[in-house]
Amino acid sequence: MEELLDIRSLSVEYRTLEGSANAVQNVSIELRKGETLGLVGESGSGKSTLGLAVMGLIRPPGEITSGEIFFEGNDLRKVNAEGLRNVRGKKIAMIFQDPMTSLNPVKKIGSHFIEYIHAHDPNIPKKKVISQTRTILKDLGISPSRIDDYPHQFSGGMRQRVMIGLGLALSPSLIIADEPTTALDVIVEAQILKLLRELKTKYSLSLILITHNMGIVAEMADRVAVMYAGRIAEVGQTTEIFENAKHPYTQALLKSIPNMRAESQVLSTIPGSPPDLTDLPTGCAFNPRCPYAFDKCKKEIPMPVRNGKDSEAACFLLER
Amino acid sequence: MVSRTTQYVKAVDDVTFEIEKGDVFGLVGESGSGKTTTGKITAGLLKPTAGHVLIDGADIYSLGRKKLRALRRKFQFVFQDPLSSLNPKMTIGDAIAEPLRYLSDEPRSKRGDRVLDLLDKVGLSPAESFYSRYPHHLSGGQRQRVVIARAISIGPEYLIADEPVAMVDVSVRAQIMELLLRMQKELNLTLLLITHDLAVAKYMCNKIAVMYLGKILESDKTSDLFANPLHPYTQALLEAVPVPDPREKSDKTLPAGEIPSPLNPPKGCRFHPRCPFVFDRCSADEPALLEHTSTHRVACHLYTTEGKTAAIQYARGKRMSNSIPTPRLNKP
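Heads up: the protein sequence lines correspond to chains A and B, in order.
Counted from 1, the first sequence has number 261 at position 261 by our numbering; the numbering is strictly sequential.
Counted from 1, the second sequence has number 249 at position 249 by our numbering; the numbering is strictly sequential.
Calculated directly from the structure, the hints in this document are not laboratory data.
Quick caveat, the model's predicted, so the values are computed rather than measured.
Every residue, glycine too, gets a C-beta built ideally from N, C-alpha and C.
Certain hints may be false.
[Unchecked claim] Simulated DEER-style distance windows between Cβ atoms:
#1 B/V9 / A/V79: 48 to 54 Å
#2 A/V79 / B/M167: 37 to 43 Å
#3 A/R85 / B/H296: 55 to 61 Å
#4 A/N104 / B/L45: 36 to 42 Å
#5 B/M167 / A/S111: 30 to 36 Å
#6 B/Y61 / A/T278: 46 to 52 Å
#7 B/P48 / A/K126: 53 to 59 Å
With the sequences and hints as input, model every part of the structure.
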């Protein structure tokens, strides 16, 4: 079976004092084995929530209200807590944005690995775990002698490498990386992205890369899914998305991003801003900002329309 | 007994540059580069330990309090986080009027109109409805517009924008960049843009200075800097930035390691431990920022005669004699 992950009609809701926020609405997307899927969107797009939902990390006041998450053929929503613990880390691992808050400042780096590995498999002898940890550190470009160092002794980039290492420690087949380089400097960001590419090949991983940065997506992703206000706006091969985007949001976004390599650019601006999820416009969430909006857009929500094997876009323009 | 040694951080070390009236000057660098500190110093907000800031020929830190205060009215700041820049208890109207209350001679009766005018100017329409709202009612981009309106309210000549779009949604960034450029043209402002984002700097600035660990490593007119980057650090930065174009995929050669601590910067050239073209002189002498052309300056030994010779020798795979420095490759 080609699809490693098959998300079908997934919805996630957060109940807040201001009302219900529909963080993810009716999202269907697949990830193929060995693929890097770029999940792109701005604040409120639902991209991070989608990642958390796959990991089974949605907690109250958030709740998955509908849909299925098929991983290797099994619906993760139907798996019990014990089963999910077997998936998390061992099959699917998540890497977050800020390594400092994810690492325990009073534990040595080595202890992070040992505890993590032992939590999932208490029977592995400690010596073996330590030797495994040293190998991982080498893969990450960290000297194995640093196994006894504390997080504060590492720089930001090194800590993120440690986080990636922890993600890989139990040999998962899928990594979900949520804005892994946002908090890092330019050159370190490039180093980390390079590392992710190398590790992906070395360990035959599949990768979901969640980001707001179209540059990262262009560099790393095989396919791109663009999200807006909790829904999928468009999906396609990376080159298709950049050269021939179908959804007005994607088109507008690409035209508004400064590209250093361009000779001279005139940026077009998108009026307005991403909507408040507790107060979404009726119809297509992008319609107030869309240059092509017509009557139907303000009344009904467009469903994704397939065009070609790998592409789909949720826009009424494509029905005309 | 507990004792403590005081360590010093040279946040900005021997930095020299000139900004001409009407420039949009970019100070580009990663963390610890000293760009924000430099910006504050040029605005009269932070007294330097040594050196001078001359505005229209006057040394601003030698002026008396009254004159400095008068000069400070000519500078305004736009910071990165629009939420913390606005008092959550003040309405938008009051926030924009605040500098007018304290720093201008505008009569109170005219203030309201002026604020409405400014709201229109920055694209917050209808102005009347924004006037009485509070910051938490507005989106990030709208808040940043309010901050800009407040900054231009007293008619400054010099605006310092420190990462003005870093915390704004991607689809809104172009709006804010365009607003800043429009204000710059309409009000004949001189703009100092501090950013780590090279794409933003390229779009907005006509001149750029690249900083690293408190030093300027290279400065040039924007188009030339991108077409012809001289300093290995600038080259590395340009190579590292992920570009929104999938055809640009390349196997990047990146400098090894990360930015060292400013508490203990490397001896000689601060970039030398990570530089792919390092040679002996680099760890011994700090390179001066020298003119390569009248508009392009670079602080790198590769561009001295000795450096050029060393580079040629390295390329030829041989050394002339022991007295000529030998470049060695820093493994990435």
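(request) Note whether the CB distance of B/P48 and A/K126 lies within 53 to 59 Å or breaks it. (result) 55 Å, holds
(request) Look at the Cβ atoms of A/N104 and B/L45 and judge whether their distance stays inside 36 to 42 Å. (result) 38 Å, holds
(message) I want to verify a distance hint. Is the separation of the beta carbons of B/Y61 and A/T278 within 46 to 52 Å?
(response) 50 Å, holds
(request) Go ahead and decide if the range 48 to 54 Å is satisfied by the Cβ distance of B/V9 to A/V79. (result) 52 Å, holds
(request) Evaluate the given range 37 to 43 Å for the C-beta pair formed by A/V79 and B/M167. (result) The hint (37 to 43 Å, Cβ to Cβ) holds, given that A/V79 and B/M167 are roughly 38 Å apart.
(request) Could you tell me whether the CB distance from B/M167 to A/S111 stays inside 30 to 36 Å? (result) 35 Å, holds
(request) Given the range 55 to 61 Å, decide if the beta-carbon distance of A/R85 to B/H296 lies inside it. (result) 59 Å, holds
The structure is consistent with each of the numbered hints, conforming to all of them.
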